[in-house]
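Spelled out from the first residue to the last, the chains are:
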Amino acid sequence: MTIDNVKHATQRFELAEKDISWIKPEVSRFTNRTFMGYHRSDGKVGTANYWIVMPLVFCENRNIEMVRDALVEELGYSTGKDYTLDVRRLVNKYQNGSAIDSLMKEELIIPAEQQKQRQLFPNVDGVKFLTHDGGCGGTRQDSDTLCALLSGYLNNPNVAGGTVLSLGCQNAQVKILETAIKKLNPKFNKPLYILGQQESNSEPEFIADAVKQTFVGLVEANQLDREATPLSELVVGLECGGSDGFSGISANPAVGHFSDLLVSLGGSVLLSEFPELNGVEQELTDRCSSLALAEKFKSLMEAYHDRAKESGSGFDANPSPGNIKDGLITDAMKSAGAAKKGGTSPIVDVLDYTEQVTTSGLNLLCTPGNDVESTTGLAGSGATITLFTTGLGTPTGNPVSPVIKISSNNELAERMHDIIDINAGTIITGDDTIASKGEEILEYVIAVASGDKMPNSVRLAQDDFIPWKRGISL
Amino acid sequence: MHIDDNLIVALQDLSEGEVVALDGHTFKLKTSVPAKHKFSAVNLEPGDALIMYGVLIG
Chain A
1 MTIDNVKHAT QRFELAEKDI SWIKPEVSRF TNRTFMGYHR SDGKVGTANY WIVMPLVFCE
61 NRNIEMVRDA LVEELGYSTG KDYTLDVRRL VNKYQNGSAI DSLMKEELII PAEQQKQRQL
121 FPNVDGVKFL THDGGCGGTR QDSDTLCALL SGYLNNPNVA GGTVLSLGCQ NAQVKILETA
181 IKKLNPKFNK PLYILGQQES NSEPEFIADA VKQTFVGLVE ANQLDREATP LSELVVGLEC
241 GGSDGFSGIS ANPAVGHFSD LLVSLGGSVL LSEFPELNGV EQELTDRCSS LALAEKFKSL
301 MEAYHDRAKE SGSGFDANPS PGNIKDGLIT DAMKSAGAAK KGGTSPIVDV LDYTEQVTTS
361 GLNLLCTPGN DVESTTGLAG SGATITLFTT GLGTPTGNPV SPVIKISSNN ELAERMHDII
421 DINAGTIITG DDTIASKGEE ILEYVIAVAS GDKMPNSVRL AQDDFIPWKR GISL
Chain B
1 MHIDDNLIVA LQDLSEGEVV ALDGHTFKLK TSVPAKHKFS AVNLEPGDAL IMYGVLIG
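So the sequence lines, in the order shown, correspond to chains A and B.
Quick note: the first sequence uses our numbering, first residue 1, plus one each step.
Quick note: the second sequence uses our numbering, first residue 1, plus one each step.
Short derived list, chain B residues pointing at chain A, Cβ under 8 Å: (1) Val9; (2) Lys38; (3) Met52; (4) Leu56.
By construction, these hints were calculated from the structure, which means they are not laboratory data.
Heads up, the beta-carbon is just placed ideally off N, CA and C, and yes, glycines get one too.
When you get a sec, could you build the whole thing from the sequences and use the hints?
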């Protein structure tokens, strides 16, 4: 079967009251397990403790980078390189009068694993800097959506607090952000420092203020320690990117088994990428726990489909050249495999982009199929860890929700071993079953959530952030 | 992937003319099929429905 003899087609779907009974998997060996999480005052628990620095508008991107350059290495955080050179040792020795040959003998190389010990704030896992192309020049709705997304990031249980750089004249006004935060979480009380450049005396002073405020924020954020937490507090985003013809057979079903395990333990999972659910709407609407949810899902899918058609495209154009070359030749075929990540449990909630997770279990979240936009959306809706399956290999991650990369095939896991965390290709060769791989994923998630293991995307500082722009530029 | 499917996924590269056995059936391949790609379990006419994972996909 090739793109020359096959065309995308899907079956029509109908809503009806359904009887949802679900056979839970065997989870007894996990029921008393815990992870070491950061408890926030609203009761939610993070798998990490990050401070975020973000711009309200793209004009502030360069200033964000100035703040990053000033802080990241100085405070001992990962820059994505495998090592850093501690030139400060040379400086100190020279200032203390060391001779030339003593300077030449000094060890400068600090491998990435040792960097954590140099962290001034050991309980703060990172300071993360977001940049984006929005906040002005588009529709008012785009600015509102951006503010809702940024609010979601501030509200994420992995975030201790934030520094926001505003210019002053942009569409995305500070009060829109403040209103969006209150709407998302009326009890929001994390430290939040908002600075406006057009009110400042000079750019250097503006940046120095941002650096000082952030530093002070970190002093407070560092007071929080990890505590033992039941697995039911985990909210895991499910993502696929660079999928191949094995993704729906190995990695995605293994993630599906993980999803069923976590939901059985009272946890939450988020399935997104709506264009990649086109073709399996019947199964998903049948699993919605109420008719109202099934109707919400149907209307979100139809609205998205209509917008795609208005732009002269359609869901059938979703598969990328890489997808097609490696066997995913229609969007419906891709969707049938993609939906496997969600497992078999009932759908307890359907969220539009930027809406927050509030119900335990399997949630659907409306995002594009594009992996970075979708991963960005999952974190914005509350995912504190993200599982990301790939068959072709994508070097991407997220600044606040640690991304765990799962390979669908052995060849990728070997060739791009620096970005892959778990290999599900052993399911294809028969060395693992879907169930055994699903349990292996759960064990790894517990370790990452506790700060015991660092996924490659976090080590490599793959802090990708792409907000979904649904409007046009004006 | 599912009992209703009329498409079959190749887990490794298969050659034209190769005979493949699955669930008590044998299939002689009319073309080569690279790993990750699919071949049909039955002879198909233009306009026929393709079923994989138990759903219509093309």
